[in-house]
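Residue numbers (this note's numbering), protein chains in the order written: chain F, 4 to 354; chain X, 7 to 337.
No lab work stands behind these hints, which were simulated from the structure alone. A couple of the hints might just be wrong.
Said to hold, decoys possible - One-sided and incomplete, this derived list gives chain F residues near chain X with beta-carbon spacing under 8 Å: (1) 87; (2) 113; (3) 114; (4) 161; (5) 237.
Every residue, glycine too, gets a C-beta built ideally from N, C-alpha and C.
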Amino acid sequence: MTITTTKANSRKPWDATDSVYRNQQLLVHVGTPLLAALVVSLTGIRGGSGLFCTWLVLHLITGALLAKFGRRKYSIANSSMQVLLVASLIIFVTAAMSVLLPVFTKGIAAFSSNLLFQDASTVEPDSVLTTGGILHAIVGTAIIVLFASIISIPFGILAALYVTEVRGRLTPYVRFFVQAMSGVPSIVAGLFVYAALIVSGILPFSGLSGAIALSILMLPTVARTAEEVLLLVPDDLRSAALALGATQRKVVRMVVLPSAGPGLVTASILGIARITGETAPLLLTAFGATTLNANPFNEPMSALPIYIFTQMLLGGENDVARAWFACMVLMIMVGLLFGTARFLVSRSGLK
Amino acid sequence: MTSTLELEPTPQAITVLRTKGDRIFRGILIFGGLVSFLVLAGIFGYLAQSAAPVLQAFGFQFFTDSSWYAGDGLLPSEGSIDPPTFGILPMLWGSILIAIISVGIALPLGVGIALSIVYLIPKRTVFGFTLFIDLIAAIPSIVFGLWGFFVLVPHGILWAEWLNEKLGFIPIFSVQFPAFEQSPFMAGLVLAIMITPIVAVVTRQIFALVPPDLINAAQALGGSRWTIIRDVVLPFSRGGIIGGAMLGLGRALGETVAVFFVLQLFFDEVNWYRILESSGGSVASLIIAKFGEAGALEISALFAAGLALFVITLLANAAASLLVNSSKAKK
């Protein structure tokens, strides 16, 4: 009597995959893309999207065949789902890389040092890239973001403190309105500031008007993240402080805020990252300028997003090259803010 | 004897007399909590007030007419010789059409990505990949505007031509004029890539809430990956997925500069369904396009358009947050 056994995986006896199964999997999942490439090179199908579609169809078929006739049988729906999930990853990653890569390749191609250290007052319609620059836009963005932060960070943290400390009857409504506020379209925030402050003559087109418009967009981000952070402060700490006779004001100032400190910084940075690239509200409030203006209270002010927008409207070859460079600077700023926030998050144990 | 046993501790309500400082402090916090409400009310009030001249003159027709003509900027009652007409139906419908296209693409894509993160890609790469998605979600919209115009459109034209050639018999892919550069389809593609990360992040959070017991039980009953996803994960998180899609919808409705360069605005007729045609509408783009050279009455019309946009996005977002929260609360 002979007992035939398939050679089981010796290191994981419970794992039913044997070498035949693994070789079949390998053959299908590596072979199909190669087959698709072959088909594309032999037929009239062209382009990356043609290759992708060919691969998708072929892999759905080969996956189904493997499921039906392979070493281990499973449903065709199962294999199709896996292929479609991989396809969704490929589409997203390709699209995302096609956004990120040109920003850096075209941005670096346009680089010359004057772009960082001059404003655009000397730029004529067809000036070469070695005249003028985006200093005015960088300074403008910095000032506008600074003022927007000064306005919205305190209010955002206050709103979060209301939810976590006062815990009054209004809590669900406060949460709801903060969420609703995070959905306000950016252009509407711009219109609001234009109607409320600029038309009524309280403020001119200026950096401060832009900052107020952006603070409307920033506040909900700060408030929601700050709320998550403050909820992480253990209630025991609050009770202990109250039991020692502290007033609520002292509890918040001496216990809650210090222990949530790094998280609140994260909340603020995420808020800043959210608004640094906002364009539409600034077009209606800060309005844009070609010269360096460091006074946020008067005169229109430029910012990187406005600069990119107007350069695109101009549309000349050098204008667009400058726009790509400004895009790269903007992306680096947002990336740095984002990286800092994530670094602080990973250290504070916040989810 | 028994009397000593009756002295069990019972919970007592403690009334705290707050100090004056504390009451002021709580007042400040309550004010902070109400700021968002005040801002929302302020936005509504100021927009309504500024939109009043146009809304009074044109009434509800402002939302159902198709035209945008500034004329001499005077109302007929003010003795206008060249009366202006404003109607934003093409823009309103355009915004909604673009948002539907983008969600139609981003929803399957986002759910696919979320499922991949949870069930497909190696655990070691999950952290890096979610970081990547978060980063894409943080890309400013103006960058997408630049990308859409210079990178996407050259490819998108080919796709649109192909769709029109092969599937032109389906009404939505038919065109009256074969120009594909600035169509609702193009704008929808740009927005789809913008909101896919949002949908993916929200759905992934919801998937993470599916009780592991349910999944283990399904596995023990012999469920495959597909049947577990179909019968356990998706039904459990349906509300959250719809909520994520609505969040994306709200973002897509209000987006301005990413759409501005890839959409031809057409004011005189509603493009109901021809998504490949170079004529569409977007309320936000309308505001940016007309703001610079608008007279007083036209500005008022722009405010009315902004008010409509504000109300629509508010409704979409309110529905979204209700769905997401109720789905989270099910845990």
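Cross-check of the supplied hints:
{"no.": "1", "hint": "87", "result": "holds (6 Å)"}
{"no.": "2", "hint": "113", "result": "violated (13 Å)"}
{"no.": "3", "hint": "114", "result": "violated (17 Å)"}
{"no.": "4", "hint": "161", "result": "holds (2 Å)"}
{"no.": "5", "hint": "237", "result": "violated (20 Å)"}
Consistency with the previously given hints fails for numbers 2, 3 and 5, ordered from lowest to highest.
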